[in-house]
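Q: Protein sequence lines correspond, in order, to chains E and V. At position 189 of the first sequence (counting the first as 1) the number is 188 in numbering that gives the first Met the number 0, and the numbers step up by one without a gap. At position 398 of the second sequence (counting the first as 1) the number is 397 in numbering that gives the first Met the number 0, and the numbers step up by one without a gap.
Note that these hints are calculated values from the structure, not bench results. Just so it is clear, the structure is predicted and the values come from calculations on it, not from any experiment. Just so you know, not all the hints are guaranteed correct.
Note that identical chains are pooled: a pair holds if it fits in a single copy or bridges any two copies.
In the BS3-like style, the derived pairs of lysine-lysine whose C-alpha atoms are separated by at most 25 Å in a straight line are [to be verified]:
#1 K40 with K340
#2 K317 with K40
#3 K277 with K317
#4 K165 with K347
#5 K340 with K317
#6 K317 with K347
#7 K40 with K277
#8 K413 with K461
#9 K347 with K40
#10 K51 with K347
#11 K317 with K12
#12 K317 with K165
#13 K413 with K40
#14 K340 with K165
#15 K40 with K165
#16 K12 with K277
#17 K267 with K165
#18 K340 with K413
#19 K461 with K317
#20 K51 with K12
2 protein chains.
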Amino acid sequence: MATPEREYVLAHKNDLLHDLDEWLRIPGISAQPDYHGDVHKSADWFAEAARKAGFPTVEIWPTDGLPAVYAEWPSDNEDAPTVLVYGHHDVQPVDPLELWHTDPFSPTVDGELLRARGASDDKGQLLFHLLGLRAHLAATGRTSPAVTLKFLIEGEEESGSPNFEKLLDERRARLDCDVVVITDTGMIAEDVPSTVTGMRGLAVCDVRFHGPDLDLHSGVFGGAIPNPATAVARLAAALHDEDGRVQVPGFYDDVLELTEDERDLFAKVPVDDAEFLKFAQSRATAGERGFSTLERVGARPTAEVNGIGGGYQGAGGKTIVPSDAFVKLSFRLVANQDPRKIIASVEKFVSDHTPEGIDSSMSWEGEGVAPCIVPIGTPAYNALTEAISTAFDGLPVLPTREGGSGPEAALQQKVGMPLVFLGVGLPDDQIHAPNEKVNLPMLYRGAEAAALLWSNFARLGKAGLRET
Amino acid sequence: MATPEREYVLAHKNDLLHDLDEWLRIPGISAQPDYHGDVHKSADWFAEAARKAGFPTVEIWPTDGLPAVYAEWPSDNEDAPTVLVYGHHDVQPVDPLELWHTDPFSPTVDGELLRARGASDDKGQLLFHLLGLRAHLAATGRTSPAVTLKFLIEGEEESGSPNFEKLLDERRARLDCDVVVITDTGMIAEDVPSTVTGMRGLAVCDVRFHGPDLDLHSGVFGGAIPNPATAVARLAAALHDEDGRVQVPGFYDDVLELTEDERDLFAKVPVDDAEFLKFAQSRATAGERGFSTLERVGARPTAEVNGIGGGYQGAGGKTIVPSDAFVKLSFRLVANQDPRKIIASVEKFVSDHTPEGIDSSMSWEGEGVAPCIVPIGTPAYNALTEAISTAFDGLPVLPTREGGSGPEAALQQKVGMPLVFLGVGLPDDQIHAPNEKVNLPMLYRGAEAAALLWSNFARLGKAGLRET
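Pulled out of the complex, with its shape left as it was, chain E reads as follows (with noise of 0.2 Å):
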């Protein structure tokens, strides 16, 4: 029997459709200065939207790049908890263009899937956010949330969030909530509803190896000088061992190994390996010995080498003794792994591995971005949880990692509060690909239990969200 939230949402996905056809039209590409305008115009049509719904406080605020939305609405329960909602309005570019179907910004409905660049990545979900809103109140009889809702969309998520920490510490006084969720994930299929539950933290470097001041004749002077490019090389090979450990010493100190529990869910999740090895167009699978795919990709930390050069590079031979080489490092951290010590022990890492007579720099990308990690079985895991199950009409929750990193970690950390993930994109949505869709029943699901989660929540009250 279908929630009156649902029979909301259903006899009004119309608007949704009219809304999202409105707002894909603005290419607002943050990573392209030609698109900043759109990006403007982006923010000011998702503020009048959330002005539209009934959201009393709309805000635009500036950074010193791209404009964010701030929207809030408050309860009229004054003991109500507040919700932060984290998503953003800005759109990944669209380049090769000649390989879209469609035309990017000319969003086409063909059966039940919509094609437009940032239809599920991300203004599709947040549009079922607004209708979900609705949902809420027209369910519960409500002329306010039962929750006070905080939206806060930022619009340079898809270039890097570069001013958003700078965003949170200058308005962090209007951000005090009791819980955060974030709507900018997805889900395992769609009948199988997940949410995330952690997302990767990273460290990125890069190393150079300085050897002889010049390229030397490899006849004259091989075999007998320290050649850099054989030293980046040993260096990378000894990241690694068989097993597909990373050799950092005390790499693995911190790591909040999954439990049991955790890993018999993931055992659940049905991706398989095939499928996996599809969407990478690889041959195999690799990484640390005795774990699945999908807690290598999601659970573990990891070490990466994501460039190496050094040396001649042209066609043919060349024998000559390199003067310069260097790697390019990255690190997937999980929790409870801090940058901090993982850039330390790197680089005594590195420190070790360079040879008499080789120099070696190194410089890393700031200060590294911290693990997200959303505990299962906390009251507002619960919640959510219980909120995306009925909308999947009773479905058991799946929890799924990230691979990934975001700005997530820096909300979390900012606000100091329980976070969830309440998103519906699917793995086949393309995001960040040509030909860009959403499933649109998911984003009817997600608004529903959008709709749920609010009363959800407001029935544990902040003290009950609050436990961990």
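Model the placement of chain V on the given structure of chain E, informed by the hints.
A: Only chain V this time, still in chain E's reference frame:
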């Protein structure tokens, strides 16, 4: 007491200077097509000089590239052995021109130095032969040399001798001889006469590793897909053990180890690591444990990474698992290593180091270059060192090894006769660099040594020369 040969040389040294001044003005740079007309002129000049010196047969031998000069002067003693002298008349490019202190093609005498491109490599050395031959005739009172002389003077040595083996095959019948004399090398110092006793062979390859068919997001796929940049790093790292020994199975199987006597002679060579490091602009030596620098570059086989690449090459970081990576390797070989066996061993090694899910491909530069070895103590070797020693006032002649690889091995293989090196360049001659010079007294000593050598070879006779 000076030999008659030396008296003649010193009495006629102005002829040598006059010839040098003419020939060095011809910019016969074989590597640069703009100068190919000059390479032809250079061949014609030497052919005319050989005729003037008395050679009854002088021919220009065309190739698919640039011409060689062939000159033959039969001894009137029909039992006399035949000596094939190898050198080259082309020169290196002169860039960067702004680093020259004098015009590279306006020979400039400065005390006992003569500066010009080709002064030492190789025109000066070929001209000491012409003066030496006149001294030989004058001192012995002969009207033809005591041995039959054949000069084969290549025109493409400085651009890799691409047509030399074909020329040898085409002209093989004309090249019968009893001993080969290579004149294109140097000595340790002005007061440390020496002769080359080996040049290393060479095998050069490019290894390509292909992983996923596209660069992957390391957050989504990292740690679960085989990384070709890691794979090339592990391959390159596996080439050597901690003692600098090459780990390709069978690599050392055929190596003719240095004898204790040879090692004693190497140890006497007054080249120290500090000087070597200054030339190399490096801060440390490295290499196979248990061998000196001179042994490492001259007498030991090596594996060197000449280039490595893959994945992101730009500034900063990019969190990908790259699709492709490569490594360029070269192997220097010593007697009695067979390049074909080494190539097969390396192919197996690469195959054994190709992880599942990675495709490897390899390409080799031709079939490799065989090493060239001059046994110490043969009659031909002793005849050579006796002639050099006399020209250097009785100083002992030390054996050295050249780390590089040249056309000598092909010549040795094609004619199948003993080979010795008579060259008087010095380490600071700046060959292949700006401000090339030659020490004129070294040319005079070379002329005297050549003059004496023909008499020494004649005394040994055909059978004596070929003894090993």
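Q: Now tell me, hint by hint, if it's right for this structure.
A: Status of the hints after comparison with the structure:
Taking the closest pair of Cα atoms, K40 and K340 never come within 25 Å of each other, the shortest separation being 42 Å inside a single copy and 68 Å across copies. Taking the shortest alpha-carbon separations for K317 and K40, neither the intra-copy value of 54 Å nor the inter-copy value of 30 Å comes in at or below 25 Å. With identical chains, the CA atoms of K277 and K317 are at most 25 Å apart between copies only, with a shortest distance of 23 Å across copies and 38 Å within one. Within a single copy, K165 and K347 get their C-alpha atoms no closer than 31 Å, and across copies no closer than 55 Å, so neither meets the 25 Å cut-off.
In this homomeric assembly, K340 and K317 come within 25 Å of each other (Cα to Cα) only across copies, at 22 Å, whereas the closest approach inside a single copy is 41 Å. For the identical chains of this complex, K317 and K347 are inter-copy neighbours only, at 22 Å across copies versus 33 Å inside a copy, given an alpha-carbon limit of 25 Å. In this assembly of identical chains, K40 and K277 lie within 25 Å of each other by CA distance neither inside one copy nor across copies; the values are 38 Å within and 63 Å between. Taking CA atoms no more than 25 Å apart as the test, K413 paired with K461 passes inside one copy only; the shortest distance there is 18 Å, against 92 Å between copies.
When the C-alpha separation of K347 and K40 is checked against a cutoff of 25 Å, the pair qualifies neither within a copy, at 48 Å, nor between copies, at 61 Å. Proximity of K51 and K347 under a CA criterion of 25 Å is satisfied in neither setting, with 56 Å inside one chain copy and 70 Å between copies. Taking identical chains as interchangeable, the C-alpha atoms of K317 and K12 are never at most 25 Å apart, the minima being 65 Å within one chain and 40 Å between chains. In this assembly of identical chains, K317 and K165 lie within 25 Å of each other by CA distance solely across copies; the values are 23 Å between and 49 Å within a copy.
Taking identical chains as interchangeable, the C-alpha atoms of K413 and K40 are never at most 25 Å apart, the minima being 28 Å within one chain and 79 Å between chains. Taking the shortest alpha-carbon separations for K340 and K165, only the intra-copy value of 23 Å comes in at or below 25 Å, while the best inter-copy value is 63 Å. With identical chains, the CA atoms of K40 and K165 are at most 25 Å apart within one copy only, with a shortest distance of 22 Å there and 72 Å across copies. Taking the shortest Cα distances, K12 and K277 never come within 25 Å of each other, neither inside one copy (34 Å) nor across copies (78 Å).
In this assembly of identical chains, K267 and K165 lie within 25 Å of each other by CA distance neither inside one copy nor across copies; the values are 40 Å within and 68 Å between. Taking identical chains as interchangeable, the C-alpha atoms of K340 and K413 lie at most 25 Å apart only when both belong to the same chain, with a minimum of 20 Å there against 64 Å between chains. Taking the closest pair of Cα atoms, K461 and K317 never come within 25 Å of each other, the shortest separation being 69 Å inside a single copy and 41 Å across copies. Taking CA atoms no more than 25 Å apart as the test, K51 paired with K12 passes inside one copy only; the shortest distance there is 16 Å, against 103 Å between copies.
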